[in-house]
Each structure stands twice: as C-alpha cells, then as structure tokens.
Amino acid sequence: MAFGYHGCYLRVDVSTGVAKRIALDEATLRAYIGGSGLGVHLLLTEGAAHLDPLAPECPLVFAFSPLVGSPLTTSAKFAVVSKSPLTQRINDSLASSGFAVAGKGCGCDAIMIVGGAPELSVLVIDGDGVRLESATGYRGATCGETEQGLRERLGKPYRIASIGPAGEKQVRYSTISHDGRHAGRGGSGAVLGSKNIKAIAVRGTKRVEWAHPQELTDLSRSLSKRSLGPATAKYRELGTATNFVTFNRFGTLPTRNFQTGTFEEGAALSPEEMSATHPKVRKSCMSCTIGCEHIYALGKGKVRVEYESLFALGSLCGVSDPDAVLRASQRCDELGLDTISTGGTIAFAMECVERGWLSEPWLKFGDGEAMLRAIDLIGSREGLGDLLAEGSRRAAQVIGHNSISIAPQVKGLEIPGYEPRGLQTMALGFAVGPRGADHNRSGAYEVDFSDKVDRRNVTLEAVKHAIETEDRAALMDSLIVCKFLRGVFEDFFAEAADMLHCVTGWNATAAELRETARRIVEAKRKFNVLAGWTPEEDTLPERFLNTTLPNDPGASLSRERLQALVAEYHRQRADNDEALARRPSWPNRHLP
Amino acid sequence: MVVEFLGIPRQRAGVSELEIEAGTLGQLLSNLKRRFPSFAEFVVEDRLGPSLAANLNGDRFVSDPDTPLRAEDCVLILSADAGG
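The listed protein sequences derive, respectively, from chains W and Y. First residue of the first sequence: 58, per the working numbering; consecutive thereafter. First residue of the second sequence: 2, per the working numbering; consecutive thereafter.
There may be inaccurate statements among the hints.
Unchecked claim - Cross-link-like lysine-lysine pairs, in silico, DSS-like; alpha carbons within 30 Å at most:
id, chain 1, residue 1, chain 2, residue 2
1, Y, LYS34, W, LYS282
2, W, LYS340, W, LYS263
3, W, LYS521, W, LYS509
4, W, LYS77, W, LYS521
5, W, LYS263, W, LYS213
6, W, LYS540, Y, LYS34
7, W, LYS509, Y, LYS34
8, W, LYS213, W, LYS77
9, W, LYS357, W, LYS340
Unchecked claim - Stretch-level coverage of chain Y by chain W, calculated; a stretch enters the list once three of its residues show a Cβ under 8 Å from a Cβ in chain W:
id, region
10, 6-18
11, 68-80
Simulated from the structure, these hints should not be mistaken for lab results. A virtual CB, placed ideally from N, CA and C, is assigned to each residue, including glycine.
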C-alpha cells in the first residue's frame, strides 16, 4: 500500500451496527486520490446513482485524503459525498478541521454509512470499534449544542459532525456541521437525517507513514510561508465578505431574487461598516495558516460571515439591516441550513408573493424579520416552511404560474452570488456543473474578472478557461487543499504532484494529475448520467436568457449563446475523454 | 483620472478613491507605488502582481502596462480572486 493511506474504507450499516473494512487497492487510490474523487468512485461502486438519496440503502461517504494529518497547510479537510436529495444528482461538500484528522485516525481512508438506525442515534467510531448510541436526548438540538454536548459526554478527543433540526426534518438543503463549519450544499444533512443519525463521533490516533518526511517538512514550510503572502491577504484581512462591495460596484451582485445586479443599500453590509458596530475576531481551521474566518459579535453570541451568506440573506432578499442578516446567518448555522439555498428559496418566494402567485403577504423583500420567520419555518417544516424546505425548483412546481422561470437554480441547486448575465463564463460554469449551480466546483468567475474574456459577451474562447478551473477544483477537492491557496501556486498541478510525491512516494507528474482531475469530473458526470441526467439540464432559468440585466444594459445572455457555450464545453470534454480513453494508463476499469 | 480601490487595495491605500494623473497603466501603478509604499508588495515592476487586477471603467480588465489611459477614465484596482 502507498504511503499516506490506510488502504481501506469503513462501511457501516447503521441498521445493524455491523461495520466492515473494505480494501482499497493502490491503483484506485492513485486514480481518484481521496476526498471528492474517492467519494464519487465509492458511490459508483455501490450503484448509488439509481437509488433514492433518502432511502436507507443509499450510501453517504465521508472521504479523507492522503494529505490529511500531514503538516501541509489547509490539509485538515474532508469531503461528504452522496446523491443529493435536492438535485437527484451527485453532491460533494467539503468541510474542515479536526474531524478529518480524527476520522482518518480511525484507520480508514473513508467512512461509508448505509442503512437506517432504529432510533435517533450517534455513530461512534473509535479505537474500541464502532457502535451506535442513543441521541434521542438531542432531538431538536442545534448543531453547536449537539457537538458540545457529545464532546462533554464522550470526551474531548472525540470530534463530532452533526446535523441540526433541519437535517432531522430532512430539509433538502440541510448541512452537516463540524466545529462551526458546514459541508453545506446539496442536502447531505438530510441524507444523514434519513438514516436517523444525529451525529458521527470519531476518535482515532492511527497514523500513516509518509514516503519522504523531510521533503514533506520542507515543502510544508515553504507553502506555509507563501500562504502568508499577498495572494491570501484578502482572506486574512477582510474575509470573503469584502466581495460584497466589489460585486455591487461591478453590478454583478444578485439582488431581490436576481431581478437586478446592484443593491442600492449595500453599503450597510460592507465588512467595514459591519465591523464598526459588531466587533470581530479571526479564526483558522485546524492546520491552516491563512485564517480566513471573520467572526462577528452578535449580542451575546457570535457568527461567522462569508460573502455567500451575506449576499443570499442580504441583497438577494433585499435586506440591508446588518443585525437581521447576521442573525439569519447565525440561525442557519444553528438549524443546519445551507445559507445559499435558504436565501435563494426565500427570495424566490418573496418574488412570488410580489407577483401575486403566493398568498403569504408578510413575506416581503427587505423585511428582515420576515426572512428570519421564514428560516425558522423552514427549519421546522411548519406552514410555508414545509414547501420552502423543498428548495426553489420543487416549490415552483407547486406554485405554478411558470414560476420555474424565476426560480434561481440549476439542476435544483440554488445559484450562488454571481450574476450570470454580467459574468458569462461563470454562467457556463453554473449550467454544466455536475452538482448544479456552484462556485466551488467551477471557478469560472476568475476568468470573468480577468483580461482573458469580455465578461458581458463571452465567446467560445472562454470554454477552455472554464474547464481549466473545473479541473483544478476537482483536484483540489480530492487532495484535499483549500481553494484559498490557489493564488499561491505558480503551477498548481506541478506542486500538487510534489505534495503527493512527498506523502505517497508516487512519481506523479503534472500531466498525470491533469488526467486525474478530468477523470474525477468524468466520474461525476457518469454518476449523473446513471441518475438520469439529460443535456437539457445544462442550462439556466429563463430569466437569465430573455431579460437584460436592468442595471447594465450591456449584460445580456441569449439562449443561443449559452447553448453554443454548453455545446462547446461538452465537445471539449468529450475530446478529453476520448483522448484519455485511448491511453493505456486510462483506468476505465475504475469506472464501474 | 479617478482610481477606485476595492478590498485589499483600499486597505493599503487607506482611501476608497483618488484623482491622479497618468498616461498609461504602468505609469499609474508606478505613481501609486510611490504614493502608497504599502501598495508596493502588489506591484512587480510596472505590472500588478497576480493577486490584484485592474479594470477600466467597469468594463474590461487590463494588464498591459502600455494600456493608454485618458483623463476621463476610472481605473478600479481590486483583488484578482474576486470569488468566495
């Protein structure tokens, strides 16, 4: 077995409590590395694409990586991979910190959970084995309460990943939380909730050997030093919230359910304004030198603020009251809700009310208290919340009036904070994304914010750039390292090969890892095909294709242009697949 | 012309915008480096380093130091990785 791995995954059936260690051969690990790549591969081997994601037999995978536990900065990360109950397509969400290290310390490279526990339970995995304990006392508890309570009960060496009330209620965009961070998108919390698992507690100290420890130490020092340089200054000093001001200035800040791209009251939500009234501190994930988390004081509590939460619960709902936005973000964290899908679905409902399609007159753009009420209703699935807990696509099907044309989603996943008409390479990234509209699996917005394209009028030239960002993300999510490091690397694929060499001993090259990245993207696409994907899914809602952005008349995206971009994307991907398939090294046998 | 700073460039400059004279992008960056020494870490010779980007009038992004600038132009300086 290669260095850096345990060479097996743990498959736990929570119906019976039986756990098995299943071997992973080195060729498979080299083909998919870990994290998202390994997780998708394991789902394919289980035939998960054909299953109802909320059925007991449908697996949920926590996947670690060869770099976990190493001194490489930002490497304490894990992926949660399953079929999404929101999109019915592949879903991989990432989170950070001690759960990754303790989970890998249990002597496995991934933990797969299948089955359904007889009562609400916590799955405990430690040096003594695997067992289920009752978690009925935590029914309705927030993510933070559950984590704190279980660490007091089990002991501090345990690391806890838990769901909140929203996961218990199987809200289709509920999260799995750990240490204040969330595997956030696509509803992995609902999948865990459907298995009657409130939390997973891991404690483990099994270490793996590294192939070249001294080289790894030297490389880690170099990377840590560079991670403190100008490429990460934005994250350290201001946090992602600073994007809010930038996007508003460029007219690409989604506002009032994507009706426009400029929020006239946006200044109140700038990090400079908010930090003047809400003192903040910085925090890092375990093993991270960047320290991107900006935690704002809120009454007696505190809340972590990111751009995506600020946009989704601020401008998208037309809310400019910082207190309301911070409270909403905090409430989503407590309930275990994805802030992007929560804000997107509420904003959609607000516009439906405005248009007279939904009789909930209290739910108005700009009303922070109404937004907070809606969040609580979603978390408990009471009243209107039961409909909104299904996400904007399913809600539109119930509301009718062709409201699907304004539902801000792709494949059912709500669109993050990038106005597609003004950022058209990103529009392509959204349309073709295997998990739906997503800014973490495609970094195509970077291309729009560069001199490579005209962001309001992109041509087919943009496609190769979009593919490059998608491939890079696939590799970063499988190694796993934080995307906030991306500006630190001069040649990410070459440096990734160096990291893998130090840890595993493989003489991997940049070219090999480019193939690996494409293979991982292809595996996601294969999963979706098996789950019923059709080419018609790779598009955007009608709103973006038949109306010009009101604040920017130059920003329009015709259906024909988007279709041409999507077609070119698939042509280039198919060429890649065929070229790879012709090579002897292409491990088709790994795609079951 | 007007220069607008967003994000980290605003932190370094200490102002959100200023008026300045320059005939090209390269001249502008040299002027900014002289005026704001803490800005220097982001400028390599007469080009912006990879962590920052320059945009002309909210329309196109520019990087060539010979890019001509007019008195009525507005140059925005921002972090290159604009996403979250």
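Comparing the hints with the structure gives:
| no. | hint | in the structure |
| --- | --- | --- |
| 1 | Y:LYS34 x W:LYS282 | 24 Å, holds |
| 2 | W:LYS340 x W:LYS263 | 27 Å, holds |
| 3 | W:LYS521 x W:LYS509 | 11 Å, holds |
| 4 | W:LYS77 x W:LYS521 | 43 Å, violated |
| 5 | W:LYS263 x W:LYS213 | 17 Å, holds |
| 6 | W:LYS540 x Y:LYS34 | 29 Å, holds |
| 7 | W:LYS509 x Y:LYS34 | 25 Å, holds |
| 8 | W:LYS213 x W:LYS77 | 26 Å, holds |
| 9 | W:LYS357 x W:LYS340 | 18 Å, holds |
| 10 | 6-18 | holds (count 4) |
| 11 | 68-80 | holds (count 3) |
Hint check: a violation occurs at hint 4 only; the rest are consistent with the structure.
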